[in-house]
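Single-letter residue listing:
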Amino acid sequence: MSKHLYNYILGIADNNLILGQRLGELCGHGATLETDIAITNISLDLLGQVRSFYQYAAQIADDGRSEDDIAMLRPEREYLNVLLVEQPNTDFGYVLARQFLFDAYHYLFLRELQSSKDETLVAIAKKSIKEVSYHLRFSSDWIKRLGDGTEESHERIQNAIDDLWTFTDELFHQTKADKAMIEEGIGVNNLKLKEIYYSNVSEVLKEATLVVPESKYFQKGGKEGIHTEHMGYILAELQYMQRTYPNMTW
Amino acid sequence: MKKEWPLWEVFVRSKNGLEHRHFGSLHAADADMALENARDVYTRRNEGVSIWVVESKHITASNPEHNGELFEPAQDKVYRHPTFYDLPDEIKHM
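Chains as they are written, first to last, in the working numbering: chain D, 1 to 250; chain G, 1 to 94.
Please keep in mind that the hints were generated in silico from the structure rather than gathered at the bench. Do not take every clue at face value.
[Unchecked claim] Label pairs and their computed distance ranges (CB to CB):
hint	chain 1	residue 1	chain 2	residue 2	range
1	D	S199	G	N63	52 to 62 angstroms
2	D	D68	G	S62	31 to 41 angstroms
3	D	K206	G	F71	17 to 27 angstroms
[What the hints assert, rightly or not] Here are the simulated DSS-like cross-link-like pairs (lysine-lysine), alpha carbons at most 30 angstroms apart as the crow flies:
hint	chain 1	residue 1	chain 2	residue 2
4	D	K144	D	K192
5	D	K130	D	K194
6	G	K77	D	K144
7	D	K144	G	K57
8	G	K3	D	K206
9	D	K130	G	K57
[What the hints assert, rightly or not] Taking beta-carbon pairs under 7 angstroms as the criterion, some of the chain G residues facing chain D (in silico):
hint	residue
10	L26
11	N37
12	V41
13	R44
14	E47
A virtual CB, placed ideally from N, CA and C, is assigned to each residue, including glycine.
Okay, chain G solo, but in the shape it has when bound:
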């Protein structure tokens, strides 16, 4: 039997209307305990209104070795940013 509890990733929504954001990780025996632990570890200073937990093994991560092929091609494609439009002055937040 494994002695260590599995690792869980914690996502907290800090305000209604905002999205859940990754806050950190913790150990817990199951999902219920992970939620309780997340409440105690990450929201005791009034940081959140909703918590998601997911066992870390269920997250598929990109491989840092592939960063070149995955992300570099996007670097020299400025035309993918909508920066070449003349915006009317009335539009404040773009």
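Isolated chain D, as found in the complex:
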């Protein structure tokens, strides 16, 4: 099996899984009935995409593990998602800021992944990008609404953007798997997306009358399996059923 390809796929899939789980926590707790359904839809979109990735990863690993085993039964250090997606649902502003900062990247990433040399990844990217275009539209709209809404909504969304900004740089870091896959024409050269990402994000923030953070201090680690303190709690909930009742299905 190609260890690099396997890790590369997990790097993509784990972002979706952990963000999907985070959004899933909000099911039934949304700000309004309409946003509750919208956010749960996004969560389901992400989890739907993730299945294709884990199925592919299972096929490459070829060690008897199923897509579910790979998704549910790894220890924390083996999850390769970026730190951004594991940040908590502090308030509606944080949920939308996290979503927007991720969607803006996710969209650019999938757009490029469509020209990968790996046919399976191309197929998943083509299927996913329509959903992600909508996610980006939804979260961008909300950033603008909250930004030029009331004094309180403006302040809260600005705080959330300022706080989460520190996790954006990691999106463009390259692991060994990234480098190997870029070399082979399979992976997306994410470093090349950095400029357009920050320019797209800044444009929306400006339209939302928000200040684009200037901080140059960034957090990293998720892509190497070193996570923030929130990750353990997410996995505890995510893995509870399979750990308590191994191999259970329903």
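Following the hints, position chain G against chain D.
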């Protein structure tokens, strides 16, 4: 300032060629948000190809108290239905 978002009525066309039908209502701050919410609330199971939204306050409804004068006179006028024609057998769908 009012805290509640206004109510919107949602009309969805389920297939090209069919008319938009009333699907339900929802709350939204403005028309754009109403469309997005309608997409999420009413078309996530592939129900539609087109959505209309209109703020509920723009709909003028008949008053149920006037149902007598509005609708009852039509009840005993069967001759307004074209049911007294002999149709040729060849015509199947009338």
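Problem set entry | Structure versus earlier hints, numbers of those that do not hold, lowest first | 2, 3, 6, 9 and 14
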